[in-house]
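Enquirer: Protein sequence lines, in the order shown, are assigned to chains R and Y.
All residue numbers for the first sequence refer to this note's numbering, where the first residue is 1 and numbers rise by one.
All residue numbers for the second sequence refer to this note's numbering, where the first residue is 1 and numbers rise by one.
Keep in mind that the hints were calculated from the coordinates and are not lab data.
Incorrect hints may appear among the rest.
Here are some of the chain R residues that sit facing chain Y, going by a computed Cβ distance under 7 Å [claimed, not checked]: (1) Arg145; (2) Arg283; (3) Ile286; (4) Ala295; (5) Tyr298; (6) Ala379; (7) Pro386.
From the three backbone atoms N, C-alpha and C, an ideal C-beta is built for every residue, glycine too.
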Amino acid sequence: MTQDPHHALRAEIRNWMATHLTGRFAPLRHRGHAGDGDALPDLRKEWERELAAGRWTCPGWPEDWGGRGLSVAEQVVFQEEYGLAGGPGRMGHIGEGLVGPTLIEFGTEAQKRQFLPGIRAGTEFWCQGYSEPGAGSDLGNIRTRARLDPETGNWLVSGQKVWTSLAHLSDWIFVLARCEEGSVGRNGLIFLLMPLNQPGIVIQPIRQIGGGAEFNSVFFDDSVAKAEHVVGKPGEGWKIAMALLAFERGISTLGQQMAFSQELDAICQIARENGAAARPAIRARIARAWVGLRAMRYLAMRVLAGDPSPEARREALSYKYHWSNWHRDLGRLAMDVMGPEGAILDDDPRRERLRQLFLFSRADTIYGGTNEIQLNLIAEQGLGMPREPRGTLI
Amino acid sequence: MDLILTEDQRVIREEARRLLADRMPSERLRAVISEGQGVDAGLWATVAAELGWCALTIPEDCDGLGLGLTELALLMEAAGERLAPIPLWETTCLAIPILLALGTEAAHALLPRIAAGQSATFACDPRQPEAASLTATPVAGGFALTGRLSPVLSPRADLVLVQARLGEGTAWFALEPGMGQTVQTLAGLDGTRQWGVLQLDGVTVSALARIDAGAAPALRHALALAGLGLAAQQVGAARGVMDLTLAYIAERVQFGRTIASFQAIKHRCAGLEADLAEARALVYGVATTADPATFALEVAGLRALAQDLVFRAAQEAIQLHGGVGITWEYDPHLYFKRAQSDRGVLGDPEAHLDAIAAHLLETEAKA
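When you get a sec, could you build the whole thing from the sequences and use the hints?
Expert: Structure representation (C-alpha cells):
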C-alpha cells in the first residue's frame with residue numbers, strides 16, 4: 001500500500017552488488033556465514049576492500065569517520081539488499097559493528113584516529129575476547145589477568161579466551177580482563193585493545209561439529225596491551241563490554257533473515273522435487289517456518305524502531321531466542337525434507353549447505369547467550385520475576 | 001516503515017484497557033456468564049454508542065472515523081485481554097469488512113447505524129464461512145429465505161448478514177430482529193460470547209433487505225480482516241491470562257519462596273512471553289503494512305500462531321495455579337474455555353496453514 005521511501009537507496013545498493021559481486025568475487029556468493037565463517041578468507045578480505053572502495057563498509061558510521069551516516073532504517077535496507085544479493089559473511093563485522101561504535105562513543109581521540117580508518121578501509125580485522133573456559137554464560141567470572149607494568153604503564157595480560165571467531169584471520173582483539181587483584185564478578189575488569197601478532201599470544205583453532213574451524217582458543221602469556229589502548233577507565237571494563245554488545249542491536253540480523261529466506265526457498269524446492277511437498281506433516285512445518293520468518297521480520301523492525309514501552313522491551317528481549325530457535329528448527333526441517341540422501345555426505349552444494357545449516361544452527365541457541373540465559377533475561381528483565389540465586393562454589 | 005505505535009494509537013489502547021479493566025472485573029464477567037446471554041448490554045452501549053468504537057474503521061463519509069487496522073487491532077487486543085462480553089469482533093471485524101466489500105449503496109447505508117452503536121454479525125457455517133449457507137427464492141416483492149445455521153456468534157445482533165444461494169449465484173441479505181427468523185440462544189462452553197441457532201423457514205424479506213448487486217464481494221479479504229481481528233483478540237487474551245498467572249505465582253509461597261522464583265516456572269513463562277512477542281509483532285506488522293501481496297497468507301499464519309499461543313497460555317495458567325487452577329473461583333478456566341471455543345470460529349487453523357504450504361509448494365513463488 002505504501003511506497004517504499006528507500007526506493008532509490010535500494011536500487012543503488014542492488015546495482016552496486018550486481019556489478020561488484022561478480023567476476024573474481026562470484027565464488028563468494030552465499031559463503032562465509034555462520035558455520036562457514038572460515039571459507040575463502042583471502043578473497044573475503046579483498047571483498048572488504050572492494051566494499052570500502054564503494055563506501056559500503058561502515059555505512060551507519062558518521063561521515064566524519066568515513067561512514068554515510070545512514071539511519072537505522074537505511075542500514076536495514078543495506079543489510080537486506082546485501083543479503084538478497086548473496087553477499088558473503090562480513091570479515092569486518094566485528095570491527096564495523098562492535099569496535100567502531102564503541103570507540104566512537106567511549107574511545108579517546110587518539111584511539112579513534114588509530115583504529116577507525118583501518119576498519120573503515122577493510123584493512124584491519126578484529127575479533128572478540130570475552131568468553132573463557134570458565135566464563136561462558138557467567139561472563140562475570142572472567143579470570144584472564146591484566147597486570148600494570150609500572151615502568152611503562154602498559155598492561156601485561158595472561159590467561160585464555162575461547163570461542164574467538166576468526167582470531168586466526170584477525171589483526172586485533174579486544175579483551176575483557178581482570179585488572180584488580182581479588183575482585184569478583186563485574187567489578188575490577190578492564191577493556192583492552194591488543195594486537196594479535198606479538199610474542200606471548202598463541203591461537204589454536206577449534207574444529208567444529210560441521211568440520212570447519214572458525215572459532216579459536218587464544219592464549220595470553222604476559223602479552224602486552226599498551227597504556228593508550230585501554231578503553232574507558234581500568235575497572236570500568238564491564239560497562240564498556242556491555243555497551244559494545246548493545247551496539248549490535250540486530251541490524252545485521254535483517255540481512256541474516258534474507259539468508260534464512262533463501263534457505264527456506266531451497267528447502268521448498270527440494271520438497272517439490274523429491275515429493276516431500278505432498279506429506280501433510282512436512283507441509284505444516286514448512287508453513288509454520290514461513291510464518292515464523294514473517295513474524296521475525298516484523299519483530300526485528302519493531303525492535304530496531306526502539307519503542308521504549310515495556311512490551312517493546314519484552315519483544316527485544318525475546319528476539320534472539322526467537323530467531324535462534326526458529327533457525328535450529330529449520331535445520332532439522334531441511335534434513336527431514338532431504339530424507340535419506342541428506343544423511344549421506346556428497347558434493348551437492350545445495351545439500352551440503354543444508355547439512356551445514358542442520359549442524360551449525362545448533363550453535364545458534366548457544367552463542368550470544370544460550371536459550372537458558374535468554375529465558376532468564378526475559379523472565380527477570382521482561383516479566384520482573386525473581387533473579388536466580390547465586391551459588392557459592394566460587 | 002516504523003512498526004511502533006503512534007501517540008494516538010497508544011492513547012486508544014490505554015483508554016480501552018483502562019475502561020475494560022474498570023467495567024469488566026472478574027465479578028462482573030461472571031455475572032454476565034450466569035445471565036446466559038453472553039453480552040453485557042451496558043458495556044456495549046458505552047463502547048458502541050458513547051465511545052464510537054465501531055466507528056473506528058468505518059469511512060468518514062459513512063459517519064465513521066476512517067482509521068486503520070492497527071487501531072482496530074489494538075481495540076481487539078484490549079477486548080481479548082478482559083474477555084469483554086460484547087459483539088465487538090463480530091461487528092467491527094466481520095460485518096463491517098463484508099459491508100465494505102459488498103460496496104453497494106444498500107450495504108453502505110447500514111454503516112452509519114453501526115457507527116452510531118448498532119451491533120452486527122455475519123451468520124455463516126463456521127466450517128465453511130465462505131459458502132452461501134441459506135437458500136433464497138424470489139417471491140413477490142422480495143425473497144423467501146430458508147435454512148438453519150448453528151452455532152452462530154451473536155445471533156441477536158441488531159443486524160445479521162447472511163449469504164444465500166439464489167439460482168446459480170448468491171445474494172446477501174441484512175436481517176433485523178422481527179423479520180420472522182427464529183433465534184434460539186445456546187449455552188456455550190465459552191459463556192463470554194453469545195451463541196445461538198438462526199433458523200429461517202421461508203421467511204419473506206423485502207427486496208430492500210438485499211444488500212449485494214449480484215457480483216460476488218471480495219469475501220476472502222473480508223474474512224482475512226476478521227481473522228486478523230480474531231488473532232489480535234487471542235493475543236490480548238494470552239496477555240490477560242499470563243498477567244493474572246504472573247500475579248498469582250508472585251504471591252504463592254512454597255518451600256519458603258515464591259513459586260515465581262523457580263527456574264522451571266520462570267522459563268515456562270519466558271517461553272510463552274517469547275511466543276507472545278512473536279504473535280504480537282505479526283499482528284502489528286500485518287495490520288500496519290497491510291501488504292496486499294502477503295496479507296491473506298500472513299493472517300492465515302497468524303491464526304495458527306495465535307490459536308496455539310492462547311491455548312497454551314491458558315493451559316499453563318491452569319497448571320501454574322496448581323489446585324486452584326481447576327476451580328470455578330479462579331479465572332484461568334474462563335480463558336481456557338475461550339481459547340478452545342475460538343478454535344472453531346472461521347475454520348480451523350490447520351486448514352489456514354495448508355493454504356500457506358500450497359502457496360509455497362504448489363507455485364514457484366518465493367518464500
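Enquirer: Against each hint, give a clear statement of whether it holds in the structure.
Expert: Checked hints:
1. For R/Arg145, the suggested interface contact is broken, since its CB lies about 32 Å from the closest CB of chain Y, more than 7 Å.
2. Because the beta carbon of R/Arg283 sits about 4 Å from the nearest beta carbon in chain Y, less than 7 Å, this interface hint is met.
3. For R/Ile286, the interface hint holds, since its Cβ comes within 7 Å of a Cβ in chain Y; the closest pair sits about 6 Å apart.
4. Checking R/Ala295 against chain Y: minimum C-beta separation of about 4 Å stays under 7 Å; hint holds.
5. With a cut of 7 Å, the hint placing R/Tyr298 at the interface with chain Y holds, because the nearest CB-to-CB distance is about 3 Å.
6. Annotation: interface hint on R/Ala379 holds; nearest CB of chain Y at approximately 4 Å, less than 7 Å.
7. Interface hint status for R/Pro386: upheld, as the beta-carbon distance to the closest one in chain Y is roughly 4 Å, under 7 Å.
The structure is inconsistent with hint 1 alone, although it conforms to all the rest.
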